[in-house]
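Engineer: Model the full structure from these sequences, guided by the hints.
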Amino acid sequence: MAEKLNETLGVKLCEHQLRQLRGVAEAAGTTPSELVRHLIEKHLEAERERYRSLHSIFADGA
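Numbering of the sequence shown is given in our numbering, commencing with residue 42 and proceeding in unit increments.
Think of the hints as simulated: they come from the structure by calculation, not from any bench. It cannot be assumed that every hint is accurate.
[Claimed, not checked] Pair ranges (Cβ atoms, derived):
id, residue 1, residue 2, range
1, Leu54, Lys83, 15 to 21 Å
2, Ser94, Ala68, 29 to 35 Å
3, His57, Asp101, 46 to 52 Å
4, His79, His57, 36 to 42 Å
Just so it is clear, CB atoms sit at the ideal spot from N, CA and C, and this is done for glycine as well.
Structural biologist: As structure tokens, this is what we get:
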């Protein structure tokens, strides 16, 4: 079951960035919103992995 999307994030882009975002989303067969959600999730997953790596190094315990 997909998570309900009920929160909104406002992002300001210049015209050039918005035009590129729309073009990349269209080329990928998705919407700009879906593309941005995908990019955010990809970044968050990288941060979670970085945290896991650091936690294994710095965690207390023997």
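Engineer: All hints are to be evaluated individually against the structure, with a verdict given for each.
Structural biologist: Checked hints:
Checked against the given bound of 15 to 21 Å, the beta carbons of Leu54 and Lys83, roughly 19 Å apart, stay inside it. A hinted range of 29 to 35 Å for the beta carbons of Ser94 and Ala68 is consistent with their spacing of about 33 Å. Restraint check, His57 to Asp101: a C-beta distance of roughly 48 Å satisfies the suggested window 46 to 52 Å. At about 21 Å, the CB distance of His79 to His57 disagrees with the hint of 36 to 42 Å.
In this structure, only the earlier hint numbered 4 is contradicted, and the remaining ones agree with it.
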